[in-house]
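Trainee: Given next are the chains, with one letter for each unit.
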Amino acid sequence: MTDSSHLASTVELPARDSATLDLSELKRAEAELLASRRALDLLASVSHQLAERELEEPEAFDDVAREVAALFGDYCAVRLLSSDGNWLELRGHHQQDGHSRELIQTGVRSAEQDGVRVLASRVLRTSSPDGRVSLGDAGEAIEPLAGTLTVPIALHGKLLGTLSVGRKQSANYTTEEERLLNDVADRMAVAITLAEQRRELVAERKRLRATIEHARYTNAQLVKASEVLSQSLDYERTLDGVLSLMVPAYGDFAVFDLREGDGVRRLARAPNHERIELALRNLEWPPAQCPVNVSALESGRSAMHTQIDDAWLARVAPDPALRAALRELGFRSLITVPLFSQGSTLGALTLFFAGSGRTHNEDDLTLAEETARRAATAIVNARLFKEAQEAIGVRDDFLSMAGHELRTPLTALQLQILSITKMVGQPDFADKVATRAEKAGRNVLRLSSLVNELLDISRISAGRLRLERTPFDLTEVVRSVLARHDEDLRKNGCSLELVSSDTLHGAWDRARVEQIVTNLITNAIKYGKGKPIAVQVERSENGARIVVQDHGMGIPPEDQQRIFQRFERAVSSRHFGGLGLGLWIARQLVDAHGGTIRVTSESGLGARFEVELPLVPPDEVLT
Amino acid sequence: MRPRPTILLVEDDHDVADAMIDVLLDQGYRVVHAPNGREALELLRDKLEPAVILLDLMMPEMDGPQFRAAQLRDPELAHIPVVIVSADRRVADTARQLGVQRFGVKPLAPEQLLELVELGSVA
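Listed in order, the protein sequences are those of chains A and B.
When you read off a place in the first sequence, starting at 1, and then add 1416, the result is the number in this note's numbering.
When you read off a place in the second sequence, starting at 1, and then add 31, the result is the number in this note's numbering.
Careful: at least some of the hints might be erroneous.
Said to hold, decoys possible - Restraint-style ranges between C-beta atoms, simulated for each label pair:
| id | chain 1 | residue 1 | chain 2 | residue 2 | range |
| --- | --- | --- | --- | --- | --- |
| 1 | A | Ala-2008 | B | Gln-128 | 27 to 33 Å |
| 2 | B | Ala-101 | A | Leu-1912 | 33 to 39 Å |
| 3 | B | Glu-70 | A | Glu-1974 | 28 to 34 Å |
| 4 | A | Arg-1697 | B | Arg-104 | 45 to 51 Å |
| 5 | B | Arg-104 | A | Arg-1926 | 50 to 56 Å |
| 6 | A | Leu-1912 | B | Glu-70 | 23 to 29 Å |
Unchecked claim - Residues from chain A that keep clear of chain B, each with C-beta distances beyond 12 Å, as calculated:
| id | residue |
| --- | --- |
| 7 | Ser-1463 |
| 8 | Cys-1706 |
| 9 | Glu-1821 |
| 10 | Leu-1826 |
| 11 | Asp-1904 |
| 12 | Asn-1908 |
As the list claims (entries may be wrong) - Simulated crosslink set (EDC-like; lysine to aspartate or glutamate; CA at most 16 Å straight-line):
| id | chain 1 | residue 1 | chain 2 | residue 2 |
| --- | --- | --- | --- | --- |
| 13 | A | Lys-1855 | B | Asp-46 |
| 14 | B | Lys-78 | B | Asp-105 |
| 15 | A | Lys-1848 | B | Asp-49 |
| 16 | A | Lys-1838 | B | Glu-92 |
| 17 | A | Lys-1945 | A | Asp-1902 |
| 18 | A | Lys-1640 | A | Glu-1786 |
| 19 | A | Lys-1947 | A | Asp-1925 |
| 20 | A | Lys-1855 | B | Glu-73 |
| 21 | A | Lys-1855 | A | Glu-1806 |
| 22 | A | Lys-1942 | A | Glu-1892 |
| 23 | A | Lys-1848 | B | Asp-53 |
| 24 | A | Lys-1838 | B | Asp-46 |
| 25 | A | Lys-1942 | B | Glu-92 |
| 26 | A | Lys-1907 | B | Asp-46 |
| 27 | A | Lys-1855 | B | Asp-49 |
| 28 | A | Lys-1945 | B | Glu-92 |
| 29 | A | Lys-1838 | B | Asp-57 |
| 30 | A | Lys-1574 | A | Glu-1612 |
| 31 | A | Lys-1640 | A | Glu-1448 |
| 32 | A | Lys-1848 | B | Asp-105 |
| 33 | A | Lys-1945 | A | Glu-1913 |
If you are wondering where the hints come from, they were derived from the structure by calculation, not from laboratory data.
On a predicted model such as this, the values are computed, not experimentally measured, just so you know.
Don't be surprised by glycine CBs; every beta carbon is placed ideally from N, CA and C.
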């Protein structure tokens, strides 16, 4: 700012040592004093007025201009540099005989043009390397001014504008007047800079407040999402929760496509619009080759479409029926977001704004994406929970069934052993005890084979199944297993036919091969009661083949894979004893040998189980 | 030993039936065995008149509850007392649902079996 020391000089009184006080000197001193007071008043008033006003207002400087004009003659104009720095804009003016603003603007510009340009270029040259000033076209002068003075409004060497005064008479302004005008301009510069800073502060505060509001909203939405999604581990309720988070927050209605198993499940929500909900449920997305990403299900990418019109519909749906269906929905804005789980697309949410008249923005998309991310986690958790529940259910059923199976031979055993003690002293004591002990022995075997099966489950499940391979003749082993089932076959009315080569040597785990054959033959007896059973042992292309064919109830095609799984059997355990693990264990044992087991069957026509075993371990073949 | 009454044993497991029959025969009972509910009904309709029916619950073809329902529907048979013997832990509930007062849980001792039969047959 300009040093204001020159003001002091204007009020300096003449020396008192003069003997006579010249009256005219006194008057001059009084006039100077008055001028100084008026100058000080003007400076105070300028500062005060500019501090009070909103300087962005178009006529913010008019009052100041009037006061300046009153002191400096007939005319005053305040021009400020435009925001692009190219123009000096008239922001305040005063003309004592009151011409219209427009006329003055063009007229004075013309009159002052050269002065302003010179002034501006001087300021720019000395202090503002970046700024440029252009004054545009000159207008027509309305009334020439005898004298004009223009000073820069500048702070710290930065040009902010110009302050011009003019008068019709008394041509040139004095140095004193120029100093005062410079002081006024300096006050303006300070006021303008302060106002500018205040405006920036207000804008900054507004931006901050908006940012905080946005963060608060985002946070609230995500907290709500977490709350809703953590409310239940139930799968269906989780899906419902996801939809309730999306509608109406990010759409008037929603389509939720979810991959389940091999298919896609469609959920739709359109509150109070049953017809639309039905239409959404049946809506088919444009074919995969459609260039517009309407559903993130296939693309795995989110997208936003906010200008939905006939042209857009035509691009999305060349098929008139689909186009009509989409137009019918009346939506104007759409976003689609994917739900990811472990790198694959679990599903997609597509959200429409229609009746509410709202349009999606980037924030909606970001929040919907984030909500979808959380939803995906919740859905995966709910699915895992559901699977765990089902697995627990299967295990509970199995344990209950296993308990029943164990108690059955135990019942016979307990009756037999305890009743023996009552026989002491009876006439044919020895014979009776022998018979009963033999029966009890059978039940002990039955019990121990059940226990072995149970132990096999944990052994196989824990990967602790170890084969002890020894060379032996498969034909002989199959014969001996069948011989052990002679009584069982007879009791159940099954005839047996064995077709086999003389010998068939290989290296297998003998006990485990016996177990495989036992499981197949007991199944054949159990499910093919009263019907013939055929067993074949033969050399096959890849090793040895064992075939067990019964003529019982057979296994429907839909159950043929399931029966080899743990805790699964094709028929209810109520009707057929055993743990239902025979085929699962057989398959695990065959697998361990590097072989295969398969079944061919038709309902009602019996089942044919074929086991293929390589003659030597597969890894030895490789080496 | 005075002649003991006839018992109808409805039990699908061969070993369990065999052991029960031995214990009952030791005590002089006459035992008729049916491996499922359907065959038991046939025997009853063939004028078998047992003092008590020993009924298993889980059986093929016709299980215990199905047999009991059929028995109660038949006025000629409804009065014959039934004792349930089952390895099912929920046997008490099932017995109550089927209107059967006496039941035993497998495995059971010979004395328990005999007591059930005696009390059941006088009921």
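Trainee: Indicate, hint by hint, whether the structure satisfies it.
Mentor: The hints, checked one at a time:
1. The hint said 27 to 33 Å for the Cβ distance between Ala-2008/A and Gln-128/B, and at roughly 46 Å that hint is violated.
2. Between Ala-101/B and Leu-1912/A the C-beta distance comes to about 37 Å, which sits within the given range of 33 to 39 Å.
3. At about 32 Å, the beta-carbon gap between Glu-70/B and Glu-1974/A stays in the expected band of 28 to 34 Å.
4. Separation of Arg-1697/A from Arg-104/B is about 48 Å and conforms to the stated range, judged on CB atoms against 45 to 51 Å.
5. Between Arg-104/B and Arg-1926/A the Cβ separation comes to about 55 Å, which falls inside the hinted range of 50 to 56 Å.
6. In this structure the hint that Leu-1912/A and Glu-70/B lie 23 to 29 Å apart at CB holds, the actual value being about 26 Å.
7. At roughly 97 Å, the least C-beta separation between Ser-1463/A and chain B is larger than 12 Å, which holds for a residue marked as non-interface.
8. In this structure Cys-1706/A is separated from chain B by more than 12 Å, as the shortest Cβ-Cβ distance comes to about 58 Å.
9. Look at Glu-1821/A: its CB is around 8 Å from the nearest CB on chain B, not clear of 12 Å, so calling it non-interface is violated.
10. Not every Cβ of chain B is farther than 12 Å from the Cβ of Leu-1826/A; the closest lies at roughly 4 Å, contradicting the non-interface assignment.
11. With a cut of 12 Å on Cβ distances, Asp-1904/A falls inside the contact zone with chain B, its closest approach being about 10 Å.
12. With 12 Å as the threshold on Cβ separation, the claim that Asn-1908/A sits away from chain B is violated: the shortest Cβ distance comes to roughly 10 Å.
13. With a C-alpha separation of about 8 Å, the suggested pairing of Lys-1855/A with Asp-46/B holds against the 16 Å cut-off.
14. For the given pair, Lys-78/B sits about 13 Å from Asp-105/B by alpha-carbon distance, which is consistent with the 16 Å threshold.
15. For the suggested pair Lys-1848/A and Asp-49/B, the alpha carbons sit about 14 Å apart, so the restraint of at most 16 Å is met.
16. For a cut-off of 16 Å, the pair hint linking Lys-1838/A to Glu-92/B is broken: about 36 Å separates their Cα positions.
17. Restraint check for Lys-1945/A and Asp-1902/A: satisfied, since their Cα atoms lie roughly 14 Å apart, inside the 16 Å limit.
18. Under the criterion of a C-alpha separation no larger than 16 Å, the hint pairing Lys-1640/A with Glu-1786/A is consistent with the structure, at around 12 Å.
19. Only pairs whose Cα atoms come within 16 Å are accepted, and Lys-1947/A paired with Asp-1925/A is rejected, the gap being roughly 31 Å.
20. Of the supplied pair hints, the one linking Lys-1855/A and Glu-73/B is violated, its CA atoms being roughly 29 Å apart against a limit of 16 Å.
21. Distance hint between Lys-1855/A and Glu-1806/A is unfulfilled; the C-alpha atoms sit about 40 Å from each other, more than 16 Å.
22. With a C-alpha separation of about 24 Å, the suggested pairing of Lys-1942/A with Glu-1892/A is violated against the 16 Å cut-off.
23. Note on Lys-1848/A and Asp-53/B: the hinted pairing holds, with a Cα-Cα distance of about 10 Å set against a maximum of 16 Å.
24. This hinted pair does not check out: Lys-1838/A and Asp-46/B have alpha carbons roughly 20 Å apart, beyond 16 Å.
25. Distance restraint check for Lys-1942/A and Glu-92/B: the Cα-Cα separation of roughly 14 Å lies within the 16 Å cut-off, and the hinted pair is therefore satisfied.
26. At roughly 12 Å between alpha-carbon atoms, Lys-1907/A and Asp-46/B fall within 16 Å of each other, so this suggested pair holds.
27. A C-alpha spacing of about 9 Å is found between Lys-1855/A and Asp-49/B, which places the hinted pair at or below 16 Å, so the restraint holds.
28. Using a Cα cut-off of 16 Å, the hinted pair Lys-1945/A and Glu-92/B holds, with the two alpha carbons roughly 13 Å apart.
29. At most 16 Å may separate the alpha-carbon atoms for a hinted pair to count; Lys-1838/A and Asp-57/B meet this at roughly 9 Å.
30. As the CA atoms of Lys-1574/A and Glu-1612/A are separated by approximately 13 Å, the hinted pair is consistent with the 16 Å bound.
31. Between Lys-1640/A and Glu-1448/A the alpha-carbon distance is near 75 Å, which puts this suggested pair outside the 16 Å criterion.
32. Annotation: proposed proximity of Lys-1848/A to Asp-105/B is violated, straight-line Cα distance about 40 Å (limit 16 Å).
33. Distance check on the hinted pair: Lys-1945/A and Glu-1913/A sit about 15 Å apart at the alpha-carbon level, within 16 Å; holds.
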